[in-house]
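**Student:** Taken in order, these protein sequences are the chains called R and Y. The working numbering puts the first residue of the first sequence at 1, with every later residue one more than the last. The working numbering puts the first residue of the second sequence at 1, with every later residue one more than the last.
Keep in mind that a hint or two might mislead.
Unchecked claim - Derived Cβ-Cβ restraints for the label pairs, each shown as a range:
#1 R:189 <-> Y:116: 18 to 28 angstroms
#2 Y:33 <-> R:306: 49 to 59 angstroms
#3 R:33 <-> Y:33: 54 to 64 angstroms
#4 R:16 <-> Y:134: 36 to 46 angstroms
As the list claims (entries may be wrong) - So the derived list for chain R, only partly shown, Cβ under 7 angstroms to chain Y, looks like this:
#5 8
#6 12
#7 87
#8 180
#9 203
#10 231
#11 244
#12 334
#13 383
#14 385
#15 387
#16 390
#17 391
What the hints assert, rightly or not - Sample of chain R residues lacking proximity to chain Y, with all beta carbon distances greater than 12 angstroms (derived):
#18 37
#19 40
#20 65
#21 66
#22 69
#23 262
#24 301
#25 307
#26 309
#27 325
#28 326
#29 368
#30 376
#31 392
Think of the hints as simulated: they come from the structure by calculation, not from any bench. Given the structure is predicted, the values throughout are model-derived calculations rather than measurements. Think of the CB as a built atom: it goes at the ideal place given N, C-alpha and C, for glycine as much as any other residue.
Residue strings, one per chain:
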Amino acid sequence: MTASEIRALFAVASRPEVVSLAGGMPHLAALPLDSLSAEVADVVATEGLVALQYGSAHGVPELREQICDVMALEGIKAHPDDVVVTVGSQMGLDMVTRIFCDPGDVVLAEGPSYVGALGSFAAYQAQVVHVGMDADGLMPEALREAIASVERSGRRIKFLYTIPNFHNPAGVTLAVQRRAEVLDICRTHGILVVEDNPYGLLGFDGVTYPALRSTDPDNVVYLGSFSKTFAAGLRVGWVLAPHAVREKLVLAAESATLCPPTLNQLIVSRYLSTHDWKGQIKTYREAYRERRDAAISSLEQHMPLGSTWNKPNGGFYVWVTVPEGIDTKAMLPRAITQRVAYASGTGFYADGLGSRQLRISYCYPTPERIREGVRRLANVIKDEIELHETFGPTVGRAVSGPHSPSPDTA
Amino acid sequence: MSNRWVAVLSGGLSHEREVSLRSGRRLSAALRSVGLVVEEWDADGSLLTRLKEHRPDAVVVALHGGEGENGSVQTILELMDVPFVGTDSRACRRAWDKPTAKGELARAGLATPEWAVLPHATFRELGAQPVLDAMVERLGLPLILKPDQGGSALGAQVVRDAAELPAAMVGCLAYGNTVLAERFVEGVEVAVAVVDGPDGPYALPPVEIVPENGVYDYTARYTAGLTDFHAPARLDEKAAQAVGELAVSAHRLLGLRDVSRTDAIVAADGTVHFLEVNVSPGLTETSLLPMAVEAAGKSLGEIYAGLIERAVNR
């Protein structure tokens with residue numbers, strides 16, 4: 001099945017008849033829209049001539065200060081001058097890749113990894129070398145081996161791209177005791193760390209993990225986002241980078257967009273100064289925990305023998321391994337016919353792995369819909385098992401390039 | 001005939017939803033350009049209420065796959081007594097099922113590649129390998145596997161090596177429970193649109209399909225630039241006439257109405273093989289019917305406006 005066939009199948013996923021466990025849309029229903037709309041109106045009324053004007057590529061100064069307050073929750077001490085506001089952290093990722101990577105350079109990334117990052121790396125013709133994870137996240141030993149192997153091949157490693165907290169798609173978190181080791185390995189080998197942390201404040205157990213950046217300010221570029229803690233549609237994210245990198249980022253941002261949208265920055269800034277944003281994050285956490293519980297209990301109830309999954313303690317995703325022999329990409333049409341959608345695993349690898357895996361997103365549907373979706377998914381897998389019992393183990397056909405549903409696949 | 005107001009049905013829940021939405025948008029624009037009042041409706045739970053409350057002069061079904069081509073939506077329109085463009089529900093059911101359509105046309109003497117149809121259950125009960133072996137022995141290689149129902153080549157695969165068959169079967173059976181395996185005929189691939197006119201059905205110029213990678217699969221169909229099209233097809237006069245006649249015969253024999261598209265192969269020996277017929281041809285920017293309309297020096301809006309008049313006056 002080709003990438004465009006997969007896109008076509010996802011056209012149905014946005015219909016209400018289908019339970020989509022595929023996309024990554026945050027649950028926005030909890031936002032205080034009434035008070036928010038009043039503040040937005042006031043921004044235009046009182047600061048309209050600034051809000052609707054060009055701004056600096058660096059970002060609105062007041063917002064950069066507030067971003068430092070947000071990052072302080074994860075132990076980061078930063079100066080607002082080192083923060084560059086971007087159009088979502090995706091733009092930050094794109095710029096970091098553009099600045100550091102020449103065609104053929106190597107980027108290390110967890111396997112699996114965020115599909116949007118793999119897309120950026122591919123766009124700049126960087127080669128991704130995956131590093132294995134276990135229940136405690138990235139494995140330091142695997143990192144050492146990957147570095148040694150790339151160095152033996154004579155290629156240059158530009159950075160390690162990592163999502164340490166509530167990983168997308170794997171759902172795991174890098175254990176605290178491993179963090180120093182990972183940083184140490186990278187520093188020793190002269191490898192920059194790009195820390196992507198959109199989900200860090202969405203832990204379910206009351207734990208906020210210390211950011212990698214908090215202990216290694218000189219060798220970590222940190223990507224942050226308001227998409228999961230406030231509003232994804234505003235597209236406001238940021239990069240916190242060492243001085244020298246920051247200068248280059250501002251120049252790159254200027255050439256890409258002149259400046260991030262001023263109005264959206266002022267809306268975020270106003271929201272942070274007038275609303276109980278920490279309370280809002282708590283509300284989100286509660287909503288996501290309830291959804292996680294619905295997903296996990298339904299998986300336990302319905303999934304056939306031979307399936308495994310992790311129990312995430314934060315974020316949006318469960319990473320499921322299905323019984324041997326089943327190709328989750330080939331199974332997708334059957335799932336759509338039975339009115340459930342998921343993201344098949346190969347999209348999260350740059351090297352063709354992942355055919356036995358799939359990602360369930362529990363962020364958007366209600367707990368009741370999640371339970372129905374998992375029930376349908378389990379039936380789809382059971383039907384597929386029957387097919388494999390008939391035809392024996394088969395290997396799916398290769399599909400080139402990353403592919404997955406777009407983020408707005410509800 | 002301006003001032004008619006019509007509802008174009010597109011979208012739906014089939015695997016071809018995306019294509020259908022594109023067809024619907026293009027057709028709606030074409031109809032508006034010739035003065036009709038058009039609303040685009042998704043075929044969802046509100047369809048019956050909308051039909052009752054809004055009573056369009058006619059409905060055009062631009063749904064592809066599933067309920068839009070298997071006669072279900074047509075049955076609803078018939079039950080509601082709403083005029084619509086396209087084949088009636090009973091003929092839809094026959095044409096939609098590829099083996100049924102092939103069988104009827106073969107009985108009437110039309111050429112169609114040799115085929116075998118088997119549900120998953122048969123493979124399961126008799127053992128997959130012996131059945132696959134028998135299939136290859138009879139049909140030869142390469143062969144093409146298709147879901148017995150459905151369009152846009154979703155799930156269709158050309159198999160050149162017997163070792164690829166089990167994986168291809170699994171891929172194909174993800175789209176439905178039954179597989180149509182067909183002998184692969186080399187030749188010039190053409191699509192021929194047939195439109196009902198005052199003097200009966202007539203064929204538009206055939207469109208020749210030359211996919212870059214040799215197989216006209218889903219990607220080749222809907223990605224601009226991946227397939228070369230020639231409209232009219234580069235056939236000699238005799239072959240061009242033969243494909244037109246085949247398409248009109250298929251349209252008549254299967255009881256199709258208003259508009260259809262027949263896909264066929266012209267083999268090296270000149271034989272025209274029927275592959276399948278579509279009761280709701282694609283109307284996207286890379287679809288074949290609009291190319292045929294253009295090659296005929298007509299416009300999509302003009303042709304469909306005429307069909308709408310026929311439907312209203314039926």
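**Student:** Hints first: check each against the structure and report whether it holds.
**Tutor:** Results of checking the hints against the structure:
no. : hint                                : verdict
1   : R:189 <-> Y:116: 18 to 28 angstroms : violated, 59 angstroms
2   : Y:33 <-> R:306: 49 to 59 angstroms  : holds, 57 angstroms
3   : R:33 <-> Y:33: 54 to 64 angstroms   : violated, 40 angstroms
4   : R:16 <-> Y:134: 36 to 46 angstroms  : holds, 45 angstroms
5   : 8                                   : holds, 5 angstroms
6   : 12                                  : holds, 5 angstroms
7   : 87                                  : violated, 27 angstroms
8   : 180                                 : violated, 46 angstroms
9   : 203                                 : violated, 37 angstroms
10  : 231                                 : violated, 28 angstroms
11  : 244                                 : violated, 42 angstroms
12  : 334                                 : holds, 5 angstroms
13  : 383                                 : violated, 9 angstroms
14  : 385                                 : violated, 11 angstroms
15  : 387                                 : holds, 6 angstroms
16  : 390                                 : holds, 4 angstroms
17  : 391                                 : holds, 4 angstroms
18  : 37                                  : holds, 29 angstroms
19  : 40                                  : holds, 32 angstroms
20  : 65                                  : holds, 45 angstroms
21  : 66                                  : holds, 41 angstroms
22  : 69                                  : holds, 44 angstroms
23  : 262                                 : holds, 34 angstroms
24  : 301                                 : holds, 25 angstroms
25  : 307                                 : holds, 18 angstroms
26  : 309                                 : holds, 22 angstroms
27  : 325                                 : violated, 9 angstroms
28  : 326                                 : violated, 9 angstroms
29  : 368                                 : holds, 19 angstroms
30  : 376                                 : holds, 14 angstroms
31  : 392                                 : violated, 6 angstroms
Hint compliance for this structure: hints 1, 3, 7, 8, 9, 10, 11, 13, 14, 27, 28 and 31 are broken, all remaining hints hold.
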